[in-house]
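Okay, here's what each chain looks like letter by letter:
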Amino acid sequence: MASDPYKPPRQIGGELVIPIIAVGFTLYFFSTIWNSPWTAQVSAFMVGGILLLVCAIFFVRSIIWLRRGEGTLGFSNLFTIDDIRTGRIGLLVMTIAYVMFIDYLGFTLMTFLFLAISMLILAKGRNPVFITLISGVMALTGWAVFIWAFDTRFPRGWFETTMKAVLTNG
Amino acid sequence: MDSSTASILTEVFFETIGYWYIIVPTIFLGLIVGGIPGFSAANTIIILMPLTLALDLQSGLVFMISLYCAARMGAGIPAILVNIPGTAGAAATPLDGYPMAKQGKGQQALAISFVASCIGGLLTTVVALAAMPILARVGFYMHSVEMIVVMLFGISLIASIAAQDMVKGLIAGFLGLMIGSIGTDVVYATPRGTFGFLELYDGVPLIPALVGLFAVSEAFVIIEKRVIVNHDNEPKAPNWTDTFDGVRIALKRWVHIVWTSIIGLVIGVIPGAGASIASFVAYQQSRSFSKTPELYGTGHPEGLIAPEAANNGVTSGTLVPLLVLGIPGGATAAIMLVVMQFHGVSFGPSLFENQPKVGYGMFMAMAVSYVIMFLTILPLSRYMSHVTTIPTIYLAPMIIAFTLVGGFVPREYMFDMYLALAFGVLGYVARRTGYHVAAILIGVILGPLLEKYFLWSLKKSDGDIMVLFSSTLGNILWVAFAMSIILPIVFNMRRKRKLEVPAE
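Read top to bottom, the protein sequences are chains V and F. For the first sequence, the residue numbers in the numbering used here are 44 to 213. For the second sequence, the residue numbers in the numbering used here are 618 to 1121.
Chain V on its own, in the form it takes in the complex (with noise of 0.2 Å):
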């Protein structure tokens, strides 16, 4: 069957990268398990075992594919340049971020510094008043709901501490 030229080859870089993992995790699984009772091991090795067959039909239907020329090793369907320009790269490191400094900066404040940051890279720097305030609004309401009247153990930085101390002693 003749492939259709316009069409952009298959991504099996991309494709790979699932099995791959599944099939890493799948042996670290395994060599956790290898001296334990049976009770650990029984369900494991058969759901590992079935895992690890489908993801070598998958590996053999990928050399097949290349052969056949009907595909690559790219992994444009993963990553590609535009991902800097769209400003996913710049929201996967502020996620990061995010995750990292919420313990020592708290959620209030911490929320609104990945909100504001976050939505001026996604929208290229316009509308920046708009953002912070959207941001600042999202932050507190945040702070009001989950800390000041649920109480939840969020993360707590200066901003809640010294909004508890404002509270407390008026």
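Hint data in this document are derived by calculation from the structure and do not stem from the laboratory. Worth double-checking, as some hints may not be accurate.
FRET-style restraints, in silico, Cβ to Cβ [said to hold, decoys possible]:
1. V:F173 <-> F:R1111: 54 to 60 Å
2. F:F812 <-> V:G179: 34 to 40 Å
3. V:A140 <-> F:K1077: 47 to 53 Å
4. F:T915 <-> V:F193: 21 to 27 Å
5. V:I64 <-> F:A948: 30 to 36 Å
6. V:F193 <-> F:F1108: 46 to 52 Å
7. F:S963 <-> V:D194: 44 to 50 Å
8. V:F193 <-> F:L815: 23 to 29 Å
9. V:I64 <-> F:R1114: 38 to 44 Å
10. F:E841 <-> V:A192: 32 to 38 Å
With a cut-off of at most 30 Å between alpha-carbon atoms, the simulated DSSO-like pairs for lysine-lysine come out as follows [unchecked claim]:
11. F:K719 <-> F:K869
12. F:K1115 <-> F:K908
13. V:K167 <-> F:K842
14. F:K719 <-> V:K167
15. F:K719 <-> F:K842
No residue lacks a Cβ here, since even glycine has one placed at the ideal position from N, Cα and C.
Fit chain F to the given chain V structure using the hints.
Showing chain F alone in chain V's frame:
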């Protein structure tokens, strides 16, 4: 039903209606906490425990029940609009709800979901009330062997989801099952696949997995578009037509609502089983016996009705073992048990003799909550659906921030936020390369349960695998399971043959 029971029910009904001033605000609270991953009726009742305990018995009961019902329904709202199930019980809702929202039918989808939830909840409340003595015994007959088959009903949904690319679907599903096996084994507590993290010894927590696979990964995908809804399907100005259309579509499928909510009720009465199992089983069964299974996953109303009716059927189901046997059917029911015991209520068979108004009152509170919920929430669907038109440059960061901290809430470990992020990366890779995140999540949710029941069965039989076919009820369920797999294939072949005949 004798005349004294009828008079008690009538009296309790009017008393419960009188608590509308508690029910209405609680419904809105429930919708909010149900919609945010990490929050649920259970932990909200815990957080508000001082308030609940300070209220008198009847008020506290009405508050807890209406919060429970509303949170269950609220979990479906973000699942439909932004592909983020508020709880694991709504994990099957976005399979067809989100495609509807993307097609500009968000308002219609919400109306369908509300009607299915309310009718499903209301109907199962009435059935539970009428058949309480029989339903209470279901828990006694469902042992580990029978539960294995129930789990398989849900897990077989992976195969349905995998229909488009079976190999990829199975890889996703079995990877989910492997991830679900992380933690200590249920018999000897041997740690497995934990990467040395103590936080994983109890297994993979569901909320970070849910947040990562659905919310975080979705946020990274939606930024490609200006708004969630497809350009050519942007919703019109707020109107009632779509809401009424949704109501009409749902009511037209009333039989579907009835039988999927009954699935929820039956699964709900089994202690330990929950809304997530019920919604997956209902979705799988709905698809299996549908005349149009190929439409499932593309925004088919029946694919939305099934999980919503089922997970609301679970709410009344969980009350049955709690009230009749004193065994809570789920986390929220367990907290209700604690609160009610504080007020001196003793559960068990004597409850309906000694304090009939409490026993019947709980069901009546549920029925009244569903009726009030229907009247208050349905009109709002026309406004809620406009979430899909918020520019993604604002929506994506909000989704990430509020769902990631939601991942932190249940256990309050910072580790869980990192875990949610890791699942987010996995979910993003899966979405971009054609693997179904729902298949991974089904494995993560149902995998540990299946393993637990499997090991209990083997342990009881000294490793004899034939124990799986040792009980009458289990064998009936095995046959039903086999039928639910084989019959749709047969129906499909017959349908194809019928379509081919005129062509010849």
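Hints, one by one, checked against the model:
In this structure the hint that F173 (chain V) and R1111 (chain F) lie 54 to 60 Å apart at CB holds, the actual value being about 59 Å. Distance hint check: the CB atoms of F812 (chain F) and G179 (chain V) are about 38 Å apart, consistent with the given range 34 to 40 Å. One distance hint, 47 to 53 Å for the beta-carbon pair A140 (chain V) and K1077 (chain F), holds here, with the actual separation near 51 Å. For T915 (chain F) and F193 (chain V), the hinted distance range of 21 to 27 Å is not satisfied, since their beta carbons lie about 38 Å from each other.
Between I64 (chain V) and A948 (chain F) the beta carbon distance is about 32 Å. The supplied range of 30 to 36 Å therefore holds. Between F193 (chain V) and F1108 (chain F) the beta carbons are some 50 Å apart, a value that agrees with the proposed interval 46 to 52 Å. Hint check: S963 (chain F) to D194 (chain V), Cβ distance near 31 Å, so the stated range 44 to 50 Å is violated. Checked against the given bound of 23 to 29 Å, the beta carbons of F193 (chain V) and L815 (chain F), roughly 28 Å apart, stay inside it.
I64 (chain V) and R1114 (chain F) have their C-beta atoms about 42 Å apart, which keeps the hinted 38 to 44 Å range intact. Between E841 (chain F) and A192 (chain V), the C-beta spacing of about 36 Å keeps the proposed range 32 to 38 Å intact. Note on K719 (chain F) and K869 (chain F): the hinted pairing holds, with a Cα-Cα distance of about 23 Å set against a maximum of 30 Å. Distance restraint check for K1115 (chain F) and K908 (chain F): the Cα-Cα separation of roughly 13 Å lies within the 30 Å cut-off, and the hinted pair is therefore satisfied.
A distance of roughly 15 Å separates the Cα atoms of K167 (chain V) and K842 (chain F); the hinted pair therefore holds under the 30 Å criterion. Restraint check for K719 (chain F) and K167 (chain V): the C-alpha separation of about 25 Å stays at or below 30 Å, so the hint holds. Straight-line distance between C-alpha atoms of K719 (chain F) and K842 (chain F) comes to about 11 Å, which keeps the hinted pair within the 30 Å bound.
Of the numbered hints listed earlier, those contradicted by the structure are 4, 7.
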